[in-house]
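*Asks:* Residue strings, one per chain:
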Amino acid sequence: MEVKKIAVLGAGIMGHGIAQVCAQAGYQVNLRDTKDEFVEAGIRKIRKFLGGSVERQKMTQAEADAILGRIKGITDLKEVVKDVDLIIEAIVEDINIKKEAYKELDQICRSDTIFASNTSAQSITEMAMATKRPDKFIGMHWFNPPQLMRGIEVITHDKTSKETLDTMVGLCKKLGKEPGICKDSPGFIVNRLIQIWYNEGLNMFDEGIAEPQDIDTALKVAYNFRMGPFELRDMVGLDVALASTGTQYRELMREQFRPPRCLIMKVKAGDLGRKTGRGFYEYKSEG
Amino acid sequence: MKIQAINIIGEGELAAKLKELVAKVDFKVIISDLSQDYAKQAADADLVLEVAPEDMAAKKKVFKSCDAKCGKEAILATATANPWVTQLAKATKRPEKVIGLNFTKNPFEEKYLVQIVRGLQTSDETIQAVKEFLGKVGVTAVKLEENPGFILDRVIASIINEAAVMYSSKLATKEDIDSMMKVCVNWPMGPFEFGDTIGVDKVVEVLESMTQQLGLRYQPCFLLRKMVDAGWLGKKTGRGFYVYS
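Sequences listed follow chains F and X, in order. With our numbering applied, the first sequence has no gaps in its numbers, which climb one by one up to 288 at the end. With our numbering applied, the second sequence has no gaps in its numbers, which climb one by one up to 331 at the end.
Hints in this document: simulated from the structure, not taken from any laboratory. Even glycine gets a Cβ: it sits at the ideal position worked out from N, Cα and C. Check each hint, because a few of them may be wrong.
Computed footprint of chain X on chain F, listed as stretches where at least three residues anywhere in the stretch have a Cβ under 8 Å from a Cβ of chain X [claimed, not checked]: (1) 67 to 78; (2) 105 to 118; (3) 161 to 174; (4) 204 to 212; (5) 245 to 259.
Partial selection, computed: residues in chain X whose CB lies under 10 Å from chain F [as the list claims (entries may be wrong)]: (6) Ala144; (7) Asn233; (8) Met267; (9) Trp273.
Modelling step: build the complete structure from the supplied sequences, incorporating the hints.
*Replies:* Encoded structure:
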């Protein structure tokens, strides 16, 4: 199936970036959020990003205008999904809210519209089964920021049709992205493996083997990791890190995914990383 | 204690490379191989660095003879990747002066990382002297307590093992797993590329050593064992997860 028109649901951090990437690749995009102000905020961010590209002479003003011209901000759901070939859903990461949304979409969308969920943590299978079109349901996990990160995890479940998968892989390539196909499973590829990398680092600190600085330095100097596990955890925020670690541990139920003690204690102590000025490292305030 | 004269005992690439590194600074360096009377040659050294093959008995012999011939202030270091520092210290009468200095070559650039491994009896003074020495040589060093896998092998073997589990379970292809780790989170290599670079046999060894000490969660994925049985050890045998021409 050829995708011509795309609806992006959710104009937040991921949604607006996804809409921009699609429009840049020449697709007509309906960008939807629940309130006008959210939609406007998303479009404002796209305009700002494109303005920066024009300033750095990465594109002309005319090109930027054309991209913006392909994006339509809409709040009415029925109008959003009218005549779209693909829906990319980037709403809140709550399985019940997502399932409700898909039930509604299933009724108002054309029967051949593909549903793609940009989730990092929810089960594709469970969401697909909330619709009557599980064969047209697939996961499309983007990385932040969508405009710059080149990889997209394409998540299949048992009932995803080959046609849906082929359409999605073809689309990723047209968007200039690199797709990686993975069966529905906790953490997919990237979050599952990086979790091991984080946990082994943090566990060594818990076990008194080495200090965060030594562990981070070792990985960066020996193997050119850009940041170490402690630096990255501090950057993302330790509360966010603990929540995602906990989710994976509950789903995979294997010892190597258990949240490290040092992470739990830092969160209890309110040392959440860069945003509070202290996590595994100390940060001087910028003010 | 100041390190000025160094004796490197062992052969091969690492021994030669270490000599080159150390020789850049104004140290007195002797390099001797195991067939020579290395202990006599090491008699005046402040630091003896053993880079013999990974064989406990051979290493113990080196430590015992050097302990007998070297000055009583001399530091005896092993480059082993195994957690053997405390055991080697036992072969000497100077356990506080025995330490691990494990060199890892960066696969992308001409640089090394040193893992300074502290055995149970290694003194702070010994660590300090070694740190100063490495600072002069100009290599980055990190410090850890002796433990299976040290820092690097523990992390890298663990991600390779998990990736092997995912690949064996047919969740994704090895190519997609490698490429996603590189393009989505900027890893320098994918887990299977790491495996082929380090050597699948070494990965299994590290995992087994960690399993013994830290528990079943480090048990090697059966795919890795089969690869060792088949001789698919990575780049060095022309085939590992990938085929190399």
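*Asks:* Run every hint past the structure and note whether it holds.
*Replies:* Going through the hints against the structure:
1. 67 to 78: violated (count 0)
2. 105 to 118: Coverage by chain X is violated for the stretch 105 to 118 of chain F (0 residues, Cβ < 8 Å).
3. 161 to 174: violated (count 0)
4. 204 to 212: Since three or more residues must qualify, the claim that chain X covers the stretch 204 to 212 of chain F holds, with 6 doing so at under 8 Å.
5. 245 to 259: n = 3 at 8 Å, threshold three: holds.
6. Ala144: Nearest chain F Cβ about 26 Å off; hint violated.
7. Asn233: Since the shortest Cβ distance to chain F is 5 Å, the answer is holds.
8. Met267: 6 Å, holds
9. Trp273: 7 Å, holds
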